[in-house]
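*Asks:* Read off the chains here:
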Amino acid sequence: MKLRHTLMASAAVIAASAASTSANADTELTFVWHAGTCADALVEIAKDYPDKSVTIVPALVPYGPEWHNKIASEFAIQGDAFDFAMWDSQSTAEFAGGGHAVKINDIFADSDYLSAEIFPASSLSQYGEYPDGSGEFYGLPANQDAYGLMYRKDLFEDPDEQVAFKEKYGRDLRVPETYQEAKEVAEFFTRPDEGLYGWGQMGGREYDFATTASNSFLWSFGGELYNPETFEVQGYLNSPASIDGVQAYVDMFQFGPPGSGNWGFDEVNAAFQQGQLAMAMQWFYFNGSNADPEVNKFAKDTGFGILPGAVGRDGKFRRQFSVGGQGMGINKYSEKLPELVKFMEWYFQPEQQERYAAVCQTGLKAVLDSPDWQGLNSYNAQFSKALQYLNDYWHLPEYPVLLDQLQEEVSNAVSGSKTVEQALTDAAKKHERTLQRAGHEIKRSDSTPEVPDQEIAPVGMDDVVPVNN
Amino acid sequence: MSMQTTDAAATMRATGKPAKKKSSGRLMILGFLSPTLLILIFMVAYPIFSLVFYSFHNFSALRPNAGMTPAGFDNYSYLLSDPDLWQRFVFTGKFVFLCVSLQMIIGIFVGYQLQKSFRGRDVIFTLLMMPMMLSPVVVGFLWRYMLNSEWGIVNYMLTLVGLGKVDWLGQTDAALWAAAAADTWMWTPFIILLATAAFRGIPETIYEAAEVDGASQAYVFFRITLPMSAPVLFIALILRLIDSFKQYDLFFALTGGGPGSSTETVSFAVAKTAFNYFYTGEASALAVILLCIIIGLSLILVRHLMKLGERY
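Just so you know, the protein sequences line up as chains X and G, in that order.
With full-length UniProt numbering, the residue at position 441 of the first sequence is 441, and numbering never jumps.
With full-length UniProt numbering, the residue at position 208 of the second sequence is 208, and numbering never jumps.
Since the hints were derived computationally from the structure, they do not count as laboratory data.
Accuracy of the hints is not assured; some may be wrong.
What the hints assert, rightly or not - No more than 25 Å apart at the CA atoms, straight line, and that leaves these computed lysine-lysine pairs for BS3-like:
# : chain 1 : residue 1 : chain 2 : residue 2
1 : X       : Lys443    : X       : Lys429
2 : X       : Lys300    : X       : Lys418
3 : X       : Lys52     : X       : Lys336
4 : X       : Lys70     : G       : Lys246
5 : X       : Lys52     : X       : Lys70
6 : X       : Lys418    : G       : Lys307
7 : G       : Lys94     : X       : Lys418
Isolated chain X (complex conformation):
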């Protein structure tokens, strides 16, 4: 009898809890991103989503290949372990090309709020368009980013340093506008005996560490990764201008701490926050923490600027650097698209994006155009200028292979196991082999330009355009 009562009571409890679960009908929208300030910001904002039956669940991984591979592996099995993901701009080609991402145009067509017009056209294109120029979008500019420069204002504004610099170089000490200037300033501040070095930058073999940095030099000196019309890589990636750029990048390691050729962004941040660096190339993404006195003891003396450009061998000035950040893409295999679209309609409202913009870089036009946005922190004003100088990798489905091959060869140049020319020539040969295997026909030209930028989307200017001073 006692057993019977116990069983009945248990059954009642189970039935009640099942009914309760059914009544709540909670929906979990899982997203994949790399762990960090911006993912935390999204989670915090999502807590205020009015529809309490929907929960945003982060599935965060470290920045790097695991992040890409987690998304790609799920797509490979056509699984729905996540509903949306933030992926690198250049991954759009791979994921959309593979047929795994939801076409955002369809959402624009059905939504009362979401439309192409609420994002800057260039941002929407950079983070979501595939193929380039097609008007088909597979991602929204959820987290914009750009390579930037951070520097120690106290050193640059020190009258003694200014006098010493002028004596040595015959010009005023200022935040560099060109890599030629940056080299002198970095050399000036390189004082190993005092534990101070002039320049910090990434050079690590992992993921895109070395190439996002080296490409910024390569493009600024007038180089190009390939010719998108003919698919020629030889003669472009190893053109004289490209070699100039990557050589300038490799040379800058002599003004960094020993072993910095193996650095990722963590090491750049750590060295800068410890006062080891006068200047550092770093993503705007990290400025939130680098401007925080609890993280960076030099926060109040840290200035945020725009990366230098370069005067190329053709005498033209160019300022081009790597686009960062991620677009928000939707998993085609998710069965929660209606709930997700509703969440996106709420999340991309100016109110939410203003909160996001306080720590990270939004892609919402209304916020970017707002007069308050530039004053939200100490770096948004510079970021708004940086957006016009962005360039990106290949927007091709073969991107992960091309990236890894370029990483390998640039890393060879950084470690000194190959000359820059040899490394870029080897990378160009590997790239052409990869493109040919993928079915791209390489139309070989009679000659290739010394400065490829003159042929492909030219941006060269006659004079240096200062933006940091």
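Since chain X is already given, all that's left is putting chain G on it; use the hints.
*Replies:* Positioned in the frame of chain X, the structure of chain G alone reads:
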């Protein structure tokens, strides 16, 4: 017993039923074996068959809409004509030789010391086993921080004794030694464990006889201890060889394969081709090549092990 068997045999001859009994015995054996066989077929045979099948096709798991086309030996010829792959085999060979040599020498030496009785031996033994219990990725990151050229503890200690800092992970040769050091730190305990067990298994009477005969310590070690524990040590060697040959996760965390591709093992290349490039066909072909090498290597070593077993 023999009487019963004879009776049973006679009955079988008379009734003509021996074949049935034999077949029911076989059925019983099959019945007992079938769960294991099914698991083996599902877990081993099917993946290997798929691997070989994919290796003869152009296929990407990430681009299923591109389809799967027969490629014959294209994947194999592409890989075997790629000089970078041979470079990875050479590096893997260097790494395996360096790691396994260091681990065997240090492991046997320490294991020999630990077979002796002394106070605190068990505590030391337990502490020595700890690195082996960590994940290779954790070990990779741990050593990565320790070997950081600017603020790592290894360079700090070098500067304390007046030596210069070394860019451990940024230079090709140094990176090989760094990876070998991390792997040796992690896996020498495994050799110590097996060596100690083998040494302790040698009967004490043999040592007493050697002592009576006036054998030196070195003679005892090289002529008694080592030969008598050779089968166990050989098993340890085989396991470490195979495991080092497959090393991937340590490099993933420690060097990322760099600088350049100088610390990319063959397994690293397989993982990269399969899960970064998503060239499923090419990765399968590379995995088949690696599998053949490991099986070949294992067969040779197991054959030697059998001979050793017969001798001791």
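*Asks:* For which of the previously enumerated hints does the structure constitute a violation, in increasing order of number?
*Replies:* 2, 5, 6
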